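J.: The primary structure of each chain is shown beneath.
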Amino acid sequence: MSILVNEGLWLLDNNIDPYVGGAFRHSPLLLSLFSTIVPPLPIIWALSDAVGAWALLRIWRARQGLSSLKGTGSDVENLIVSVYVPSAYFEYAPNAPHSYLLNPYLLLPSLALSTSTFENTLTLLALMFASEGKVSPALLAIAFAVHLTPSSILLLLPILMVLLSSPVSHLASPRPFHGNLKRIPFLFGEFTLYWLVLVGAACIIAGGSWNWVRASWGASLMLPDLTPNPGLWWYFFTEMFDHFRPFFLMVFSVHLVIYILPICIKFQHDPLYAAFLLVGVLGTFKAYLTLADPGLFLSMISLFPEVHGYLRHPIITTLLHLHAALLLPLQHVLWVSEGRGNANFYYAASLVMGMAGGAGLVDACWAGMRIAVGDAKVGAEEKVEGKGKVMWEVVQQ
Amino acid sequence: MRRASIWIFLACLCIPSFALYRGEIYSEDLRIQPLRDGRVSTTFSFITVLEGAVPRNPKALGQLDESQHYALFPLTLGQILREYAITELHLTLNAGKWNYDNWGHPHEAGVGTGAELWAWMGASEVTTVDERWSGLRNALSGLFCASLGSLDSRRTLSPTVAFPLSGSTPTFAPHELRHASLPSESVCTENLTPFLKLLPCKSHAGLAALLNPQKVFDADWHGMGIHVTWKEDTGVELKLTLQAVFNPVRTSAGKRRDWNLQSLFDRSIERSCPVASSSSVTVILPEEKGYQITPENPAHINGLVIYDLSSSSNFTIPSNIAMYWPSEHSFQYPLPPLTPVTPLSVKRTIHGTTQTRGVLSISVTNNSPQEISAGYLEMMPALLTLWMHTLKVEINSQIRSDLLSGLKYHPPSPQSNDRLSPSMLQAVLTIPPKTTLKLSMEVNKAFLKYTEHPPDAMRGWDLPGAVFFPLPQSSHDTSSSYDWERIYTPTLLVDLPTPDFSMPYNVIILSCTLMTLIFGSIFNLLTRKWVVVEIQE
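Heads up: the protein sequence lines correspond to chains A and B, in order. Per this note's numbering, the very first residue in the first sequence carries number 1461; after that it's consecutive. Per this note's numbering, the very first residue in the second sequence carries number 479; after that it's consecutive.
Please keep in mind that the hints were generated in silico from the structure rather than gathered at the bench. Just to be clear, a hint being listed does not mean it is correct.
[To be verified] Chain A is faced by these chain B residues, among others (derived, beta-carbon under 10 Å):
#, residue
1, Tyr548
2, Trp581
3, Pro892
4, Asn895
[To be verified] Covered stretches of chain A, as calculated for chain B (at least 3 residues, CB under 8 Å):
#, region
5, 1492 to 1500
6, 1651 to 1659
7, 1689 to 1699
8, 1800 to 1812
9, 1818 to 1830
[Said to hold, decoys possible] Where chain A lies over chain B, by a calculated footprint (3+ residues, C-beta under 8 Å):
#, region
10, 561 to 573
11, 626 to 639
12, 681 to 689
13, 713 to 719
14, 722 to 731
15, 809 to 820
The model shown is predicted, which means the values in this text are computed figures rather than measured ones. C-beta atoms are modelled at their ideal positions from N, C-alpha and C, and glycine is treated no differently.
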C-alpha cells in the first residue's frame, strides 16, 4: 500500500528504523528504490503493469513456439495492436496483454498503488525469461520475487523445470520429464546466490540490522497484522484460540508448500502449466492475499487456449468470481464503514472468494489433464453390433 | 492514688515514644478554593518527611536491607519503596475531566483521568529496572486495590522530558523513568480506604476526618495521589493528596453556591491530629466581592484565609468553616464567552466515520498576549498506528511547519512477550499569542484477535490523554514563559472494529472445510486414472 511506503519513507528520513513498529512491512530494497531512485508516483505502477502485460505476451509467444524474430513486428507494436485491435493478427495472442491490463483484479490494486503489482510483474518476468531459456535473468527475477514475497518460492521448481525443458504445450501428449535433471543443483545454486546477494543488499540498506526479516518475511509466517483481506487467513487467526495459533500457522504455511511436488510431478510434461496451477494455489491460500493474486491466475488462463474447451465448470467458477467481486467491497463497507454488518458478513464474502479461487484451480487442473484423453464425443455415438447406440464418457477412476 | 501512679507510669512510657518522632515530621493542609462556575475545589495534602533518609541504592539490592522503624511514615509503603529501590514515585488515581479553562491549574498537577504511575529508579545489575517496575506495579495494585498490574509493557514508556525528577538527582546510580497510564481505571471507596490507612491518624482525627467517601466520590471531579520524592537537604518526602471539586449548586436545594465543611463533607473535625506538626485550612478568596466567611479570622494574607487547626493554636475545635453570598438569591452561571483562566487551552479529538481510519487532531489555543512554547507528548497504545507522514501543523488553514520543532517519534517496539509497547510522539509547539494552532495526523485502528478484546468490546478503548508540559528552563529564556505545570487532555474513546465473538468454532470449521474441500478435490484429480467408459442407455 502506498500509505505504508510513504510512512516507511518518512521514518527513514527521520532516522527511525521503519521495521520496529510494525507499520512498514516491505523489503528494504523497495524502500531504497522509492527513497533514492524514484518517488512512489502512480506512473511507476502503470509502467509495471505494462511490463507485466508485455511479459505475458512474450510468454505466450514462447509457448506457441514463435520466436520474436519471426513475428510480424516488434513486441511493443504487437502489444499496442493487441490492446486496441482485438484478434488482429493472431487468434489468441491479443487475449494475453489485455486480459492482464483490463483485468479488474489487477487494475484495482494498481490504482490503489499496491505493491502486489510489482510482485506480479516480477513473477511474470521470471516466467518469461524461463520460457525464453534465459537462465540467469529468470533466476534473478524469481529471486527478486521470493525476496519481496517469500511464498513465491512455490514457483521456483516449475521455473527450473521450464528452464530445463521447454515452455511449449505438451498437455495433449504427456510424456516423462526429459530435461537434464543434473543441472537442477547448479540452477538452484545460482538462484540461492542471487537470493543471498539480495538479502545482503537489503541488510546493508537496512543499516546492518535484521529487524526487516522479522517485519517483512516473518509477517507472512506469523500473521501479526489481522487487517481483513480477501484471503482465508486473517479471520481464521482472529478467531483462533491463542494456544492453537502457532500450530495452525504451521499448518497453513505447510499447506501452501504441499502442492509443489504433486503438481510438478503430474504436469512434468508441461512445467509452465504447473507454474500456472501454483500461481492459482498462491491466489487462493496466500497469507496476505490481495486481489492481484487471483487476478494473475485468471489473466494467465489466456496463455493456455488449448484447455479452454475442457474446463470443468467454467460457468460456476465465473459466477463465483462475480459474486465474490461484488460481495467483497459491499460487505467490507457494511462492516467497517457503515457499521451495519459485522465481521461475519465480510468473512462470508472472503469464503466465496476462496471458493472461487478453489473452483478455478480445480477447473484448470481438470482441463490440463482432460485434454490428454482427447475428445471422446467425436466417436461417442457409434453403432456396436448387438448393443445399438452406445455413449462414451471420460471419467476418472 | 494507685490509678494516678499508673497514669504517671504510662506518661513516662510516652516520653521515649515522642522522642521517636524526631526525624519524622507530619503536616497536613487543606486548601479550599471557590471557583467561578460555582464549584468548590478542595485539595488535601498530608506530608510526611523522613529527615535525612536516603532512597535505597539499587546496587545493594542483593544484600540485607537496614531495618525499618517508622512512627509516622507508613510501613507498608516504606517496605515497597525499599524492596524495589524506588527513588521517586508518583501514583495518581483520578475520575473525571479536569476543566482547566474554568478551574485553572490544579494544586496537584497529576489530574490525568484514570490511573497514572511513574517512578524513577536507579539502574543496577542485581535486578533490572523493568523487573522492579513490574514488582512495583503489582505491589501497589495490592496496596491500593487498583488494577495497576495491567500497566504492563503495552502501556509503559519512558518520557523523561515531560516527567523529570522533581526532587534531587541521586549520584549513586544512573536513573531511569518508567511511566504508564490506564485511562479506564475508575476510582472508588476501595482505593480510599487503603489511602486513609497510610495516614498516622487514619480518618479518626485531623483533616482526614473530613474524608467521607460518600461525599468525596459524589464530587464532580475527584482524585488521589501518592508522591514520594527525595530531596538531598530534607530527606524522603511522602505527600498524599486528595483533590475533589464539589458542586454546591447541584447539591443545595436553592441552587446557591454557599458552602461549609459540614455541607461539603457531611462531617466535621472533632479533634486535631496530635502528631501533626502543622495542620491548617486555607481558603483562597474569590476575586469578586460579596461573600462572607466565618469564622472571621484575622489571618488574611494575599487573598488567603488561613485557619490553624494544630493543637497548640487557640482555634476552637470543632468548628465549621463556611462561606456564603448573602445578597445572592441563587447562583447564576457566568454566561459565555468566558475567557479561559489558563493561558493554554487544549482540545483533542479523533474523527472519521470508519472503524479502520481516523484523524487525530489537537487544537491548542494561546490565550495570553505572549508567545508560548510547550512540549507536546503523545503516548499512544499500539491499538492506533500514527501515520507520521500525514502530520500537519496549521494556523487558520495555513500550513505552519516551522511552529513544530524537536520532533521525536518512537514507533511501537515489540516486547519480550510479543506485545507492542506504545508509540511515543514528542515535539515542541510554539504558539503565537492569541491564536489557535491545529495539529492533525491520520491514524489507523488495529484489528485485534478476539481474545485481545475486553469483555465489553463494543464500548471501545480508552486512549490516554496527551500531555502538554513546560520546557526545561535552561533551554528557554524565562521572560516569555509563565509558570505552569503539566496539562492533561481528556481521554479519548476509540471504536475498534470487532470480530464476532460468538463463533470461533464456526470460523475454524468453515475455513478448514473450504481448505480441505479444495485440497481434496485437487489431490483427487491428480491421483486418479482417466478412463473412457461406456454408458448404457
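J.: Now, for every hint given, state plainly whether the structure supports it.
T.: Structure-based check of each hint:
At a threshold of 10 Å, the smallest CB-CB gap from Tyr548 of chain B to chain A is about 45 Å, leaving the interface hint violated. At its closest, the beta carbon of Trp581 of chain B sits 36 Å from a beta carbon of chain A; the interface hint therefore is violated under the 10 Å criterion. Hint on Pro892 of chain B holds. Least Cβ distance to chain A is approximately 7 Å, under the 10 Å limit. A least Cβ separation of about 12 Å between Asn895 of chain B and chain A goes past the 10 Å threshold, and the interface hint is therefore violated.
Under a criterion of three residues with beta carbons nearer than 8 Å to beta carbons of chain B, the stated coverage of the region 1492 to 1500 of chain A fails, only 0 such residues being counted. Note: the region 1651 to 1659 of chain A has 0 residues with beta-carbon separation from chain B under 8 Å; the three-residue rule is not met and the coverage is violated. Evaluation of the coverage hint for the region 1689 to 1699 of chain A: fulfilled, as 7 residues show C-beta separations to chain B shorter than 8 Å, against a requirement of three. Residues of the region 1800 to 1812 of chain A with a Cβ under 8 Å from some Cβ of chain B number 5, which satisfies the need for three, so the listed coverage holds.
Counting residues of the region 1818 to 1830 of chain A whose CB falls under 8 Å from any CB of chain B gives 7; the rule of at least 3 is met. Taking a C-beta to C-beta cut-off of 8 Å, the region 561 to 573 of chain B contributes 0 residues in contact with chain A, too few for the three needed, and the coverage statement is violated. For a cut-off of 8 Å, the count of residues in the region 626 to 639 of chain B with a CB near a CB of chain A stands at 0, and the three-residue condition is violated. Note: the region 681 to 689 of chain B has 0 residues with beta-carbon separation from chain A under 8 Å; the three-residue rule is not met and the coverage is violated.
Given a C-beta distance limit of less than 8 Å, the hint that chain A covers the region 713 to 719 of chain B is violated, as 0 residues qualify and 3 are needed. Interface restraint, the region 722 to 731 of chain B with chain A: violated (0 residues with C-beta to C-beta distance below 8 Å; minimum three). Figure legend: the region 809 to 820 of chain B, annotated as covered by chain A; annotation inconsistent (0 residues with Cβ-Cβ distances under 8 Å, at least 3 required).
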